[in-house]
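These protein sequence lines map, in sequence, to chains A and B.
Going by the numbering used here, the first sequence opens with residue 1025, and the numbers climb by one from there.
Going by the numbering used here, the second sequence opens with residue 7, and the numbers climb by one from there.
Don't take each hint at face value.
Just a sample of chain B residues kept apart from chain A, beta carbon distances all over 10 Å, derived [said to hold, decoys possible]: (1) Ser64; (2) Cys67; (3) Ser82; (4) Met171; (5) Pro178; (6) Arg179; (7) Asn207; (8) Lys209; (9) Gly210; (10) His220; (11) Asp221; (12) Asn223; (13) Leu230; (14) Lys231; (15) Gly234.
Label-pair ranges, simulated between beta-carbon atoms [as the list claims (entries may be wrong)]: (16) B/Ser50 to A/Leu1295: 36 to 42 Å; (17) B/Thr76 to A/Leu1402: 55 to 61 Å; (18) A/Ala1166 to B/Thr85: 43 to 49 Å.
I should point out that these hints are in silico values taken from the structure, not numbers from a laboratory.
Virtual Cβ for every residue (Gly too), placed ideally from N, Cα, C.
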Amino acid sequence: MKAIRYQEIQGNSFGYFALLGILGLIVAAGGLAAFYMEHNGHWVTGMTNQVVWGMPHVFAIFLIVAASGALNVASISSVFGKKQYKPLAPLSAFLSICLLLGGLTILVLDLGQPDRLIVAMTIYNFKSIFAWNMILYNGFIAIVAVYIWFMLEKRMNKYSKYAGFAAFFWRLILTTGTGSIFGFLVARQAYDAAIMAPMFIIMSFAYGLAIFILVMMAAYNWSGRELGDATVRRMKNLLGVFVGAVLYFTLVYHLTNLYATEHHGVEAFMLRDGGIYTTLFWWGWVVIGGVLPLALLYGPTGDNRSAIGLASVLVILGGLATIYVIVIGGQAYPLEMFPGKIVESSFFDGGVKAYSPTLAETLLGIGGFALALIMVALVVKVLRVLPESMSDAIADPHYKAEK
Amino acid sequence: MKQDTDMNRRRFLGQAAAAAGLTVAPGVMLYEVQARPADQAATSKQRWGMLIDTSKCSTGCTDCVTACKTEHGWGSTETKSNAEQQAQWIRKVKLTDKQTGHVQSLPLMCQHCETPPCVDVCPTGASMKRADGIVLVDKHICIGCRYCMMACPYKARSFIHEPLMNQKPHAPRGMGTVESCTLCVHRVDNDGIPACVESCNAKGHKAMYFGDLHDPNSEISKRLKEFGGEQIRADLGLNTGVRYQGL
Ligand code: SF4
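Could you build the full structure based on these sequences and the hints that come with them?
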């Protein structure tokens, strides 16, 4: 393998500034939306005392989950010693930090008292998985930052493997921690499943890699650098495996739930009677996020870059639908307090809860996503993280194009 | 920081105590305890609890709810929030048996668990349980993340969705924080009983009992011993302080 030369993108084209402009506008809109909600109080949102976590949490959790997965490429190179992934490891690590920051920003801005963040940062209840997550997230950023430094600084290169190991284990714990947020909600039927944490890990692989592929293709295309088939095809195969695994875990999740009689109610709700949640489950989670991408990746279009890009977009959309079903659908389904009884009250006990996200909430969510992307766009301009070329000759000399 | 937390808690409880001295309806003595001097912390010598006799609670009655609203000032203060966003510290629930059609009615509020899930999940420790078993939210350190609401099996907590005015000094409330039944801690600390129980008894329904679960001679303990008392979602093993008869 030839030496990899990292080079900042020039970033003075019209297209680059247009990209920054558009992302900046979305971020600004998200910021305004957050200010509007904080100023008025949450009554201007669709969130209620019945559905307490809404659209912002869907985006935040998606981004946090994806952040850990975006580190895949770096992990594969340093932990599993696959050289071909090494050139893109710094991009992968940066993307991962940016996605995490985007997600956390959303979470913080949706708090009832965001100005008390300092309280959350200084007073910990060590029994709370939320508090643990704050430590995990901060630690993740610190470890990955060191890892990036070791990778980019020649003198430190020899240690980058160890930092890579640390980051790999840390991210697994981090995603487990995120998944466990739901695991601790034993009172809610939809979350009462041990498979939740591993399912989140595999989802993180798929979502993170999908975002990585898009960022990588955009960065190389738009800067006019060469990106060889070897790299793209390798990523594509990996994405296919992860998407398949998500589908498999989904199947196991529902089969185990169907096995336990006490979960029949919530299963019928998700799979058959849940209205929007059923639709999102089948069309979003399964078809758009799973079946279609698999068809695109492994069907006759499998080598077409546009098809691979489209499949990645679909994985992201399907992922958002998945998190929506888990977060909102899980709350919409009534708490089962009195088995065998019809329950009625002034506080909407017994019925399925309604939730319709408002524009502001959605903007905050999308704004966080845009914030993550704008950070990536700036990083590749100011730092040397992108290999000058990822042509097959450089990335993988032994690769032979298949006929 | 720990010290700060304690300070905050004390301030919160101090405010609560300041407005106490509220009268307990004469003749209502459902418990026998010594009032704890104000400078002493709550201890685990007591465990405050409540017993609700569902057979005496009628479907149309909302006296306990009204009393709680008056006592703590919720119910009419939120003007912008919609019905699903407005706070409810206590609510009446109507149960109809799917097989027999038998109808029951009961008040539902924070169940003051011995191992409260809200306290476990709260990242800052704003959700807390006093030594005497009362579960509270310290509004000074609540960041409004609503994780406790996700964790509560009884949907006992409410988030405040709009700015509030004219609060009662013993019941501080605020936009962006979470609140719930305090078991009328400001009354209990001054030898009183919760407003709902007081009202239920004063109106002659006698469906609610309040007292010390650790004191074998308290009326609530005697009744529990004689008639038993069920927990809602007993399967979760939370050992609730609020028990129901005839569930
Ligand atoms: S909303 Fe407040 S009391 Fe509830 S878990 Fe969050 S910080 Fe704790």
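Each hint tested on the structure:
Under the 10 Å C-beta cut-off, the non-interface status given to B/Ser64 relative to chain A holds; the minimum distance is some 15 Å. Against chain A, the non-interface label of B/Cys67 holds: every CB pair exceeds 10 Å, the least being about 13 Å. Taking the minimum C-beta to C-beta distance to chain A, about 14 Å, the non-interface status of B/Ser82 holds against the 10 Å cut. The beta carbon of B/Met171 sits about 13 Å from the closest Cβ of chain A, which is more than 10 Å, so the claim that it is off the interface holds.
At the 10 Å boundary, the C-beta of B/Pro178 stays outside the reach of chain A, the nearest C-beta of that chain being 14 Å off. Even its closest Cβ contact with chain A, about 12 Å, leaves B/Arg179 beyond 10 Å, as expected for a residue assigned away from the interface. Listed as outside the interface, B/Asn207 is consistent with that label: its C-beta sits roughly 23 Å from the nearest C-beta of chain A, beyond the 10 Å cut-off. With a closest Cβ-Cβ approach of about 19 Å to chain A, B/Lys209 is found to remain outside the 10 Å limit, as its non-interface label requires.
Distance check on B/Gly210: its Cβ is at least 23 Å (rounded) from any Cβ of chain A, clearing the 10 Å threshold; non-interface status holds. With a minimum CB-CB distance of about 24 Å to chain A, B/His220 clears the 10 Å threshold, and the non-interface call stands. Non-interface status of B/Asp221 relative to chain A is upheld: no Cβ of that chain comes within 10 Å, the nearest being about 29 Å off. Consistency note on B/Asn223: stated as away from chain A, and its beta-carbon is indeed over 10 Å from all of that chain's, at 32 Å minimum.
Against chain A, the non-interface label of B/Leu230 holds: every CB pair exceeds 10 Å, the least being about 21 Å. Against chain A, the non-interface label of B/Lys231 holds: every CB pair exceeds 10 Å, the least being about 25 Å. Residue placement check: B/Gly234 keeps its beta carbon more than 10 Å from all beta carbons of chain A (closest about 18 Å). Between B/Ser50 and A/Leu1295 the beta carbons are some 47 Å apart, a value that contradicts the proposed interval 36 to 42 Å.
Under the hint 55 to 61 Å, the C-beta atoms of B/Thr76 and A/Leu1402, about 57 Å apart, fit the expected range. Checked against the hint of 43 to 49 Å, the pair A/Ala1166 and B/Thr85 passes, with Cβ atoms roughly 46 Å apart.
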